[in-house]
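Number of protein chains: 2
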Amino acid sequence: MDKYEKVIELAKRRGFLWNSFELYGGAAGFYDYGPLGSTLKRRIEQIWRDLYVIHEGFMEIETPTIGIEDVFVASGHVGGFSDPLCECKKCGEAFRADHLVDNIVEVADALSNTELDTIIKDNDIKCPECGGDLGDAYEFNLMFQTAIGPGGGRPGYMRPETAQGMFVNFQRLLKFYRDKLPFGVTQIGKSYRNEISPRQGVIRLREFTQAEAEIFIDPRDKTHPNIERFADTPLNLYSQEGQERGTVEQITIGDALKQGIIAHEFLAYHIALTNHFLQRVGISPEHLRFRQHKKDEMAHYAIDCWDAEIETDRFGWIEVVGIADRTDFDLNAHAKTSKTELSVYIEYDEPKMVTSFVVKPNMGKLGPIFKGKAKVIADALKAMTQEELEHDEIKVVMDGEEFVVPSDLVEFAEETVKVSGENIVPHVIEPSFGIDRILYCTMEHAFNEEMVKAQEGKDEENGNEPEEESRVVFKLKSEVAPVQVAVLPLITKSELITPAKDIVALIRNRGLLVSYDDSGTIGRRYRRNDEIGTPYSITIDYESLDDKSVTIRDRDSMSQVRAPIKDIENVIYSLVYEGKKFRTAGTLVQ
Amino acid sequence: MDKYEKVIELAKRRGFLWNSFELYGGAAGFYDYGPLGSTLKRRIEQIWRDLYVIHEGFMEIETPTIGIEDVFVASGHVGGFSDPLCECKKCGEAFRADHLVDNIVEVADALSNTELDTIIKDNDIKCPECGGDLGDAYEFNLMFQTAIGPGGGRPGYMRPETAQGMFVNFQRLLKFYRDKLPFGVTQIGKSYRNEISPRQGVIRLREFTQAEAEIFIDPRDKTHPNIERFADTPLNLYSQEGQERGTVEQITIGDALKQGIIAHEFLAYHIALTNHFLQRVGISPEHLRFRQHKKDEMAHYAIDCWDAEIETDRFGWIEVVGIADRTDFDLNAHAKTSKTELSVYIEYDEPKMVTSFVVKPNMGKLGPIFKGKAKVIADALKAMTQEELEHDEIKVVMDGEEFVVPSDLVEFAEETVKVSGENIVPHVIEPSFGIDRILYCTMEHAFNEEMVKAQEGKDEENGNEPEEESRVVFKLKSEVAPVQVAVLPLITKSELITPAKDIVALIRNRGLLVSYDDSGTIGRRYRRNDEIGTPYSITIDYESLDDKSVTIRDRDSMSQVRAPIKDIENVIYSLVYEGKKFRTAGTLVQ
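Sequence order for the protein chains is P and F.
Position 70 (the first sequence) corresponds to 993 in the numbering used here; numbering is contiguous.
Position 240 (the second sequence) corresponds to 1163 in the numbering used here; numbering is contiguous.
Looking at chain P on its own, in the form it has when it is part of the complex:
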């Protein structure tokens, strides 16, 4: 078993992840989050909200997962959100054409369908399922399509990203933020991608959760007011140059900016914030790097783009976050399709005097002469230059027809006016997180098998050297662990069960997720909780009835402290959320 298999086996057995629709044979690309997985996911999202919504002040919005066609025409998804599909002529199985050749060429996903066909033919690639001949590659759109309303309705699509719901609300958001840049907005929710043939378990899902921020900034000022916060933060950067050399470099944000590796401060700040988030949820820094998009891989409109990549045992380095400067691309695209100006009026510090050439056709005189055409002729005149207008008879040509306008029907002059500001299309910085992949990596990095003294919790006073046994332990950060504390009466007798349940109630009222377990030996119960990552276990024994104290066990060190029942809920809360050191939670039990 590789580590992926071990993690998934545990995840399925203990209620983190389940194959969806298993009762009916399942469906590739869909996973259920069981009780523990769903709770872990909520906690990861909560940390994201704490950083982005509470601390950065990027308010969260929630827009529908079903979208109408116009939105995705503008965004380019109707036209271009596709993968090359190749079907077996014999068995009909469908494959990603680029995946069929990715051990032959280096950047398979940059090839055209014709190039893919040629490589498949030249290398005599056959259907991996049945050996049959493969058909030509064609583009398969990855949006799930549906219809809104009866009678075929209007076309609807399951959104491929949460981002568009924020772009189309630009005007509303700008008003909410009182017409001032920069401002940010976030969304956490489901997105969909109708993968041709998903074969990587939880790494490639057809329905997944994104957490995205769209930050609208003044294109003329890409500094960040808090960049100092991260100036000395070291990151593993895998820059364009580094990729050519094949080396990842550890460098501080400040130095990366000085050396021009990262385009600007605003992007650098968000790379650093992503790094902070990933480490806070439990990604180990030595398996985390930031890879810059190469020039030929970056979208044509983007200024700079970095992916956070995490190293996994089976899949190698996988992309979990993208952080891009998307410029004004998205707003312009929606402005064009919706025929609406999407910009911000920015006042100058000082008004400017601007000289321009102004044409004023006399509508009162044009009207009687040109009747229905007067308006379009006037518009044509307004667009003419001084040279074209300086004639006694001005010639206007429209659709092949020529109109002659006497010069006394048009006034024109250079005018100087005071302009106090201008409309600017903001640029967008977009950090986009794949929550499901981050969750999986959190589990993989927390997964440990280790040798420990056997029979923990049992009486060891028989003098024998304790034997060793292996334990599986999910060393999840206590802030993300699904079950935050387990309460265990030492033996299943009512005189211990009753006070144990009272402690459960106390801790629940503090808003913590607590489990109660009285079945099996105490050692077995510790192991069960180790396996699901419960950071602390409280044991109630007969002594507790006298000294009104309990034992708290720390999952990672397996050491124990004795602490009073009174205030136990606040002690646990501080351990979980406030970084309280375990050794300060009570008197160390030797």
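There could be a bad hint or two in this list.
As a list, the in silico DSBU-like pairs of lysine-lysine whose alpha-carbon atoms are at most 30 angstroms apart [said to hold, decoys possible]:
hint	chain 1	residue 1	chain 2	residue 2
1	P	1098	F	1398
2	F	1416	P	1098
3	F	1103	P	1103
4	F	935	P	1262
5	P	935	F	1262
6	F	1259	P	935
7	F	1503	P	1503
8	F	1398	P	1103
9	F	1503	P	1424
10	P	1400	F	1098
11	P	1489	F	926
12	F	926	P	1145
13	F	929	P	1103
14	F	1098	F	935
15	F	935	P	1113
16	P	1098	F	1424
17	P	1113	F	1098
18	F	1424	P	1503
19	F	1113	P	935
20	F	1145	P	1424
21	F	1259	P	1103
22	P	1398	F	1103
23	P	1145	F	1424
24	F	1113	P	1098
25	F	1504	P	1098
26	P	1424	F	1489
27	P	926	F	1098
28	F	926	P	1098
29	P	1489	F	1098
30	F	1145	P	1103
31	F	1113	P	1416
32	F	1416	P	1275
33	P	1098	F	935
34	F	1098	P	1416
35	P	929	F	1098
36	P	1416	F	1275
37	P	1398	F	1098
38	P	1416	F	1103
39	F	1503	P	1489
To be clear, the hints were calculated from the coordinates, so they are not data collected in a lab.
None of these values were measured; they are calculated from a predicted model.
Model the placement of chain F on the given structure of chain P, informed by the hints.
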């Protein structure tokens, strides 16, 4: 403007609710939650989680919003989740046929399509849009359909409820809860309903959020261990009998159980818990009632079903929660379709001796005689009665063919065996919450227009009697208010801005959502915060620089206290979350 219009106007203007896709002309049945609406929604969901997940211990799971066909064939949605649709022959507009006749008959939604056609014809009902003739009513399935995978793929549906994702995981969940009843599981997420013609704004959405719990209980024991908690809770019950009389009765849970109005304790407990939740998020109890489903409206399999209904200004009483005893219907439906046993093995307190008639065909002798048919003949023998078997030659008839089996090839006898338990299909108690409607009602019930002294916050020492002015105030419970505290420097000068921003940082670090506002008079800023329901505002004035204190203003009473800056974040936290009384937060400012 009626109250709905007033609430929606405010909701749109201030960023609670927006029509989706407005930039492209919108689409009926879809709403966006803006920054404040989304935050309000998160807080309502958080309270639900606190009650159901943390306190009841019903762990949350997360299953896909796209489902495969088998699931919805089993659940009955493919066959029966539809509304009667009626199209205009002239303009093609589609209508709910039952809505067209609902001012003519009393229970329009109970009519068959033929009955609807007759009523439409007899009453000469025409198209409400163009006056044209209406076509016959037919059933329109309300699930959004899509296809999973390429080449037409397999049919997929956007789930119409979150419940099925929990039912199909029954076996996994049972194992998670160590094979013991009762246990509960919850899910909060999107559900979809492709409404024919949604015309009630946020009340009838095509994409909406549900919070559902499925609680699996032993059908032989529907008592609830904590029923005493709610025994004295008074509820407005609109029972089957009450509906006949047309009266809502205020009665305690305990009395409702004694009088047999509610079927059993377990259901009663969950009606009371629903009541507790709705009041905690801010629904006013005088506009809340529980309506029992009438016999002809209840699903045939249900034992008892109650809807929580909230009174609204425009729509009258609307259903926001359903609480039902669905018996073993859902598990049986999935067991049948998936051919899998979905039950719990329950051990008896004492093993029972059970006598049964057992037939043992001698396969070693049957085989050589009947060859390929030996197995089916043996099965047929096993199903026979003692009378049928007590012959020298036993006749077995299968598919018209007769087989004669000599009696010495079959042994049979009554046997008594010890049985220590049995398999039981649990019953399901399902509280199902419509979060969007609850959110709207929370806003409507919190919406207030009132007359207050004019010029609040201005210097009133000029001796004039203050005039009155009206203010709009969202009296949201502080636990659900999106912005929890506003920080306002009295005037926009850096010596006040700097300490104000320090306070913002302090409060953010306590995990609270704080806004900073320095534009306009202090009175206008108070009004702005009243309008979005911010429960507390902190004002920093010149005195603050000397006495290191600030003024906290209470939204509802508009009274103010003076409190030290040190510890201000904990004071606000206690006010918002821990029920601290405002008067105890500092020294009252007269």
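Review point. What are the numbers of the hints that this structure violates, sorted from low to high?
Key: 3, 11, 12, 14, 21, 25, 26, 29, 30, 31
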